[in-house]
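Given the coordinates of chain A, assemble chains B and C onto it according to the supplied hints.
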Amino acid sequence: MEYLGLLNYALFMAIFIGIYALLALGLNIQWGFAGLFNAGIAGFFAVGAYTSAILTTEHADGRIGGFDMPFFVGWIGAMLAAALVAWPIGKICLRFRSDYLAIASIGIAEIIRLVVKSEPVLTNGARGISGIPRPAAEFPSLAQESAYMASQAAYLAIVIVVLIAAYLLVERQFNAPWGRMMRAIRDNEGAAKAMGKDVEFRRLQAFIFGSALMGLGGALFAHFNRSITPEAIDPMVATFLVWIMLILGGSGNNRGAILGAAVVWIIWSMSEIATDRLPTEYAIQAKYIRLFLIGLMLQLVLRFRPEGLLPEPLRGDRRATRSGADHT
Amino acid sequence: MKTKILALAASLMTATALASVPAKADVKIGLLGGISGPIAAMAPAMIDAAQLAFQQVNEQGGIGDGEKLVGVVGDSACNPQNGTDAATKAVNIEGVIGVVGPHCSGAVLAAAGSVTIPAGITMITPSGTSPEISTLDDKGTVFRTVPSDDYQGRALARTLKEQGYEKVAVAYLNNDYGTGLANAFKAEFVDELSGEITQFAAHEEGKASYRSNLAELAKGGADTLVIFDYGDGTGLTILRQALENGFFDKFVGGDGMKSEAVINELGAENLATFVSSSPVGEQSESLDIFNEAFKGIGGDPDAIFATTSYDAAFLLALAVEKAGGKKEDVAAAMAEVSNGEGEAIRPGEWKKAKELIAAGTAIDYKGAAGDHNFDEKGDVPGTYALWEVGANGFEVLTEMK
Amino acid sequence: MDFLELINFYVIPGIVLGSIYALGAVGITLIFAILRYAHLAHGDLATLGAFIALAVVTGLGISPLLALPIAIIATAAVAVGIDKVFYEHLRERPKIVTVMASLGIALMIRAVVQVVWGVDTETYSRGIVRPENYFGLRIRDREILTVIAMFALVGGLQLFLTRSKWGKAMRAMSDNPNLALLSGIDNKKVVMLTWVIAGGLCAASGVFLGLNTELKSLMGWQMLLPMFAAAILGGVGRIEGAVLGGLIVGIAEELSVLVIPSEYKAAMAFAILLFMLLVRPTGLLKGKVL
Chain A
1 MEYLGLLNYA
11 LFMAIFIGIY
21 ALLALGLNIQ
31 WGFAGLFNAG
41 IAGFFAVGAY
51 TSAILTTEHA
61 DGRIGGFDMP
71 FFVGWIGAML
81 AAALVAWPIG
91 KICLRFRSDY
101 LAIASIGIAE
111 IIRLVVKSEP
121 VLTNGARGIS
131 GIPRPAAEFP
141 SLAQESAYMA
151 SQAAYLAIVI
161 VVLIAAYLLV
171 ERQFNAPWGR
181 MMRAIRDNEG
191 AAKAMGKDVE
201 FRRLQAFIFG
211 SALMGLGGAL
221 FAHFNRSITP
231 EAIDPMVATF
241 LVWIMLILGG
251 SGNNRGAILG
261 AAVVWIIWSM
271 SEIATDRLPT
281 EYAIQAKYIR
291 LFLIGLMLQL
301 VLRFRPEGLL
311 PEPLRGDRRA
321 TRSGADHT
Chain B
329 MKTKILALAA
339 SLMTATALAS
349 VPAKADVKIG
359 LLGGISGPIA
369 AMAPAMIDAA
379 QLAFQQVNEQ
389 GGIGDGEKLV
399 GVVGDSACNP
409 QNGTDAATKA
419 VNIEGVIGVV
429 GPHCSGAVLA
439 AAGSVTIPAG
449 ITMITPSGTS
459 PEISTLDDKG
469 TVFRTVPSDD
479 YQGRALARTL
489 KEQGYEKVAV
499 AYLNNDYGTG
509 LANAFKAEFV
519 DELSGEITQF
529 AAHEEGKASY
539 RSNLAELAKG
549 GADTLVIFDY
559 GDGTGLTILR
569 QALENGFFDK
579 FVGGDGMKSE
589 AVINELGAEN
599 LATFVSSSPV
609 GEQSESLDIF
619 NEAFKGIGGD
629 PDAIFATTSY
639 DAAFLLALAV
649 EKAGGKKEDV
659 AAAMAEVSNG
669 EGEAIRPGEW
679 KKAKELIAAG
689 TAIDYKGAAG
699 DHNFDEKGDV
709 PGTYALWEVG
719 ANGFEVLTEM
729 K
Chain C
730 MDFLELINFY
740 VIPGIVLGSI
750 YALGAVGITL
760 IFAILRYAHL
770 AHGDLATLGA
780 FIALAVVTGL
790 GISPLLALPI
800 AIIATAAVAV
810 GIDKVFYEHL
820 RERPKIVTVM
830 ASLGIALMIR
840 AVVQVVWGVD
850 TETYSRGIVR
860 PENYFGLRIR
870 DREILTVIAM
880 FALVGGLQLF
890 LTRSKWGKAM
900 RAMSDNPNLA
910 LLSGIDNKKV
920 VMLTWVIAGG
930 LCAASGVFLG
940 LNTELKSLMG
950 WQMLLPMFAA
960 AILGGVGRIE
970 GAVLGGLIVG
980 IAEELSVLVI
990 PSEYKAAMAF
1000 AILLFMLLVR
1010 PTGLLKGKVL
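Chains as they are written, first to last, in the working numbering: chain A, 1 to 328; chain B, 329 to 729; chain C, 730 to 1019.
Pulled out of the complex, with its shape left as it was, chain A reads as follows (with noise of 0.2 Å):
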């Protein structure tokens, strides 16, 4: 019993990780490559969560939708309104300098949260949209037990296609010549300018790339949970913590984003189970205490591998090496 709860476990961590690793890859075209210090991408998340939950629950009083289509049209959806959102962003905020656009766009993320909280037509408001099919759930031919993981690892086997399928999409760029060139004007914007390259369209490019990616992540997870709240738009669970994935794994590198994915969450599911160790009077001094714990490990991470655990390869690119740190 024990071994079927840590498979358990382990596949909802995969699920978790493979989410995650979307957002972090999504994260990785517009920092990783473009230089784009996007610190909003709770916001993209969740107007990729919520269309999708739009387009494919049942009819709700006072709520558009009502249009049940299948899962993956939501999750088209929910990456074509990402991307529409992303666009009037991009052209507004690209421009700024990296630590003002990051300012921007948490401000930007903020604005969608309280929009989303506030307006029920849209979004059923404060109380969210549940009742989101989720696709392999149901196994009626199993007992309970194993009902329970076949469901898991049937969304864990859909999660890593998407995620493969984004990771070769995206991997293919880089190397192709729009990948090339984008680090190019990433690393020395003049030069690519006087190359007669439009550097304001290919930003937006990749930034609307990446927040597609976002969005889908967040369809990802609606149809995991069943269900889309406000508070899913958190500023530390859905931006931060991907930043420090990519931060951690090696930003300008998609491998280092979903390893960064995995180590990160592993770590910040697996510090809770740790402090649990505690006396059962600090049990809730334990989970404060497990915070402490996690920013501490990011300023040893940060100090002692600042490159993350795969560094950028170098393909003419200066970048890693500017920060000081041993390349061979």
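Don't read these hints as lab results, they were simulated from the structure. Please note: incorrect hints may appear among the correct ones.
Selected chain A positions facing chain B (in silico; Cβ < 7 Å) [stated by the list, open to error]: (1) Phe-72; (2) Ala-126; (3) Arg-127; (4) Ser-151; (5) Val-237; (6) Ala-283.
By construction, the Cβ of each residue, glycine as well, lies at the ideal position given by its N, Cα and C atoms.
Frame of chain A, contents of chains B and C only:
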């Protein structure tokens, strides 16, 4: 560095493996709550109240064959990401037989949808008030000891009308608790009872000043402000600033506002015109018993949702006992131990309940926060009273229907 | 609604709130200017300052105002300590790394506050304080104190920056760190001084927020984004700009309730920020564009 990370991962894995070896014959129940995050101030009392229930169980014969009942605390941080994570760990690593919590409706919906419903684990939430919880496709495994917002909002509207409040302004916190209560209140007060709501405004939590909000609310000339917020948080700020600046003469709060913090920080002398609704057992004897017991372990019985948490935990323990410790039977047992028929069991009467269950007699739990007679959706109707601030804290003013 | 009501219920609270924001924004703008990154732990540092003052108030039984200098010194020391232990080692790295680190520090400080002081809402003194009536203006004494203290502290800072040797060194480092090094300025000391000032101002911001409302473990974090908005609004690196920005953000937040639904009040700071960045990224008083 890679080796360091591998070592860290390996040690965490070992810790997990060690964690998953249960102590001899312990029965575990998950206590999931928003310990970090926006409701951090409210969670500890709720967890403590649940632990009180388990403590009483263990003192009075334990569960099943005298096994120890252990509450395993998990942090949902009041968001679905952490909520599902905590639920998964509780169910799969700790092997809990049931879950009390999570506290926030968003976490409840997510944890139920992705963990407890597929795994067939019974969940009973003491503070998830969203109507969405009623409509979950849960195969009868999700319960709550707190009524849906609809109920309390409407009951409060009726009681206020009875008490003579005709014209009010409503300020509500912009989350599912506040909006749910406010909308239900408005529907009943205005549409059904022809009362007048002059201003109806939401606010976000955590801002430093709500004076401009209050000024807006005061336009329209109502003399009463109804606040649907938490007395441990923003509700306190609003009440304070309203009192200090002379907005409104009378104040009404939902159950979130009935908190010791309000009396402690603002002073009973300033709260003469403040009333608040809060759940109370129909035989308020149950509530008294709980209050004594909770005070005995150093808790504040007025803490928000302490009563519902205690009831949820005690009910789950009763259900586990009745189900003979079998996970899959707990949900059905839950419906049976509190359906209005059977020998009355009050808070703390574990020994009596154990004997009755062993003898096969039906029992009916009468909780500190109400009778909790579950309907087919796992919801409870709830009984409320309107409380005012007296010399020794809150006192009942009148029952609410 | 008459003019006096407008002043009393919208403008005055806005000015008080704005002063609290300004105290934090000045620190943020200094760190932006001299260390060149966004310090995400600024809000939680303010929380720490407020709670340290609480400890002094409950321990020694003195008023929060008297506890303020102690809190300032303690928080300044903590800020310098954090820099020495954590940020210093990251100076050669890209700035994003330090920003991430400051996020981790924010978590750590908040956890310490929660473990040491718990998560209940606290205040410096029980009971309510009704405002006095000064010619029709309704102001509480502590509010006047907040605004005066803000101007005093920032004014003192400004004097320091313009008149004293170290102040000039700081301004030199803000303009051109390499040249500053060349002319013999000790960067390390300047950085330490920056943290002393930032930490101290954080403490003041936290204490006044606690004095005017309540103390909660998330109080600083919730102020973080308006403080950043204020700093950028005023122009990065400009102290007067941060003060102006803080006041504008505070007043705008309160006035916004007149035009937009009250649940969007929190978005006001961001809306202002976005608008400024679009229209005039150097800020109102022409600061630097990072």
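Q | Earlier hints that do not hold, by number | A | 1
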